[in-house]
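As a plain string of letters, each chain reads:
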Amino acid sequence: MDVVLKADDLSGGYLLVRKGSSEKNEVYVDAVSDVSLQLERNEIFGIAGESGCGKSTLLKMIYGLLEPPLILRGGSVTFITVDGEIPITSLSENDLRRRVWWKKISYIPQSSMNVLNPTVRIRDHFIEMFTFHARMMKNEAYAEARKYIDQMGLPRDVLSAFPHQLSGGMRQRVVIALSLLLNPNIVLADEPTSALDVISQKVVLTMLEEAQKELKNTLVIVSHDLGIHGVMTHRMGIMYAGKIVEIGKTEEIFEDPLHPYSEALIRSLPKLGDKKQRTGLGGHPPDLKKPPSGCRFHPRCPYAMPICSRTPPKMKMIKPGRYVACWKNSMEE
Amino acid sequence: MSEENLLQVEDVSKIYGYGFLGRVKFPAVDHVTLSMENKPKIFTIAGESGCGKTTLARMMLGMVKPTAGTILYRGKNVHNLKSRDITWFLREVQAIFQDPFDTFNPLKRVDTYLYETASNLLKLKNDEEIRGKIEEALRFTGLSLEEIAGKYPNEFSGGQIQRISIARALLPKPRLIVADEPVSMVDASIRINILNMFKALLTKTGTSFIYITHDLATAYYISDEIAIMYRGMIVEIGPAEKVLLKRHHPYTQALVKSLPEPGKKEEWKTRINAPGMEIKEFLSPGCKYADICPHKTERCVKEKPPLFEAGDVKVACWLYE
Chain A
1 MDVVLKADDL SGGYLLVRKG SSEKNEVYVD AVSDVSLQLE RNEIFGIAGE
51 SGCGKSTLLK MIYGLLEPPL ILRGGSVTFI TVDGEIPITS LSENDLRRRV
101 WWKKISYIPQ SSMNVLNPTV RIRDHFIEMF TFHARMMKNE AYAEARKYID
151 QMGLPRDVLS AFPHQLSGGM RQRVVIALSL LLNPNIVLAD EPTSALDVIS
201 QKVVLTMLEE AQKELKNTLV IVSHDLGIHG VMTHRMGIMY AGKIVEIGKT
251 EEIFEDPLHP YSEALIRSLP KLGDKKQRTG LGGHPPDLKK PPSGCRFHPR
301 CPYAMPICSR TPPKMKMIKP GRYVACWKNS MEE
Chain B
1 MSEENLLQVE DVSKIYGYGF LGRVKFPAVD HVTLSMENKP KIFTIAGESG
51 CGKTTLARMM LGMVKPTAGT ILYRGKNVHN LKSRDITWFL REVQAIFQDP
101 FDTFNPLKRV DTYLYETASN LLKLKNDEEI RGKIEEALRF TGLSLEEIAG
151 KYPNEFSGGQ IQRISIARAL LPKPRLIVAD EPVSMVDASI RINILNMFKA
201 LLTKTGTSFI YITHDLATAY YISDEIAIMY RGMIVEIGPA EKVLLKRHHP
251 YTQALVKSLP EPGKKEEWKT RINAPGMEIK EFLSPGCKYA DICPHKTERC
301 VKEKPPLFEA GDVKVACWLY E
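Same order as they appear, the protein sequences are chains A and B. Going by my numbering, the first sequence opens with residue 1, and the numbers climb by one from there. Going by my numbering, the second sequence opens with residue 1, and the numbers climb by one from there.
Think of the hints as simulated: they come from the structure by calculation, not from any bench. Being a predicted model, the structure only gives us computed values, none of them experimental. Beta carbons are placed, not taken as given, at the ideal position from N, Cα and C, and that holds for glycine. Incorrect hints may have been included.
Computed footprint of chain B on chain A; a stretch qualifies when at least three of its residues, placed anywhere within it, have a C-beta under 8 Å from a C-beta of chain B [to be verified]: (1) 192-201; (2) 230-241; (3) 267-274.
So the derived label-pair ranges between C-beta atoms look like this [unchecked claim]: (4) Lys276/A / Glu298/B: 42 to 50 Å; (5) Leu245/B / Asn25/A: 20 to 28 Å; (6) Gly142/B / Phe162/A: 28 to 36 Å.
Build the full structure now, drawing on both the sequences and the hints.
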């Protein structure tokens, strides 16, 4: 396995302080809890889960973007390059900005099509990137931007447009083009298409996939839509209430989900051409301010046993590359 | 118009103005005709954002007045009801909206909505009787009055509060429920439960549904009939099975092909044209899909195709002339 980034026992969340605060007024939202994860070179990795399961927070922590109220509680993220290891979690924001962000790891935030500065033409967004990171002259940068836009398959007149003149799908493609500009080793995309219609979604996802194939880097996609994972990702991790409950090859998980939560999610998915009655889960996702004891899924789990409410299950390798955190799978051996 | 049809939408258009003093006009809904028989059925109106599906739903509910055309509910014009028919219409036709947190005032307890609906629409005065009706409606959605009494909207999860808004809609025992994207904000593990609830209501109480959605997979799962809309027009309409599996209109084909589904990796990878400028398409005199259609001819740009019959399905495309 050719690992490019690893997260070890990563924990973090949001520390909210109510007004007029004393110690007692702090509330901690346990968004990411003991997550261990390895990303490989040249793969598309998906992180799936429902809203509020901590998948976006995990992505931010991998990127090292720890803005308050998000705090790191424990564990580490290590980025492995050919020249050695870079400990993301112990670098300052300044160092990250200088050494890692955009050049090595780029991050496409949720609803990123709104990150473009509305008063600045698309052209100048590109020129700024080239002059700041590649120390180019302005006219040189402009020529480079034109060439690059052609390569990415975007129409040239995009360059002279202001962001509001472009459709959502086009803006998203511009943001993706910007994020790929400096050939990063890892691209982190948080719900890259959640605001788009299915046809624009496909155009955007195809662009991401083709870029990954070309650059042979690592693409991480966070999405609540299992369909996207089904058509895009090679491996995926399923998150529930701040924990990764299952990791494996995407096809294998869809074929034979081992964790009861993955099973429920996949079985409840309606499909075109299949009218079979489907069933969902009872209950609702827990409040991460006070997550359930033991396995966080136990209150909704149809297979729950006494141990599930007492002790959280550890991630366990079932076979090479396949990990599950569930007492049921640990007991069966 | 015949009394038999539950709902009859006759050549309805809604034109909005924009720009300086709204002088530039564009049709959000463009000459739409459809009808629903007076039998329990789920009728889906599907399309992407900006296709006019929500505007059409709001016109059906009498909330937005069409610029042209009429909408008849059991033979009565929805936009020209006599005062004694208004309560009747509100009892018969109920709505469920996309964002349940928008439906309820955050400063008002959710159970007051249920009490008000019961006393205003059912004209019940007796407290005991009102509570009985509310319990009955809540039981359908898997909740109880005890669970929700005295609570404010922010104390519920998205799935729970959507179920409460469904219970409220069920109170007057409506014959038709117009549900505008009712599950798009609900967690995936619970989404299917709400769709199953719609199906159960259909068989148990004979309530019909108009299901407005962008999600073709859920549309296929629950609907009997479906209309696909694009830029204000119906491009294909007919039995859901035929429309979604046979796919006549090039737009329906593109939509279904773009739908990411596990196990369809290869099929999904075929190339597709990106949509162009919306406004231009809305104002086009010909077929609004012509700009990106792979089968485009000169006629498509100039002349708008009417709905042609192709078996049980009607398709607005010159290919089926």
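Hint by hint, here is what the structure shows:
Counting residues of the region 192-201 of chain A whose beta carbon lies closer than 8 Å to any beta carbon of chain B gives 5, which reaches the threshold of three, so the coverage claim holds. Counting residues of the region 230-241 of chain A whose beta carbon lies closer than 8 Å to any beta carbon of chain B gives 3, which reaches the threshold of three, so the coverage claim holds. Under a criterion of three residues with beta carbons nearer than 8 Å to beta carbons of chain B, the stated coverage of the region 267-274 of chain A is upheld, 6 such residues being counted. The supplied range of 42 to 50 Å is met by lysine 276/A and glutamate 298/B, whose beta-carbon atoms lie about 45 Å from each other.
As the Cβ distance of leucine 245/B to asparagine 25/A is approximately 57 Å, the hint placing it in 20 to 28 Å is violated. As the Cβ distance of glycine 142/B to phenylalanine 162/A is approximately 49 Å, the hint placing it in 28 to 36 Å is violated.
Of the hints listed earlier, those the structure fails to meet are numbers 5, 6, in rising order.
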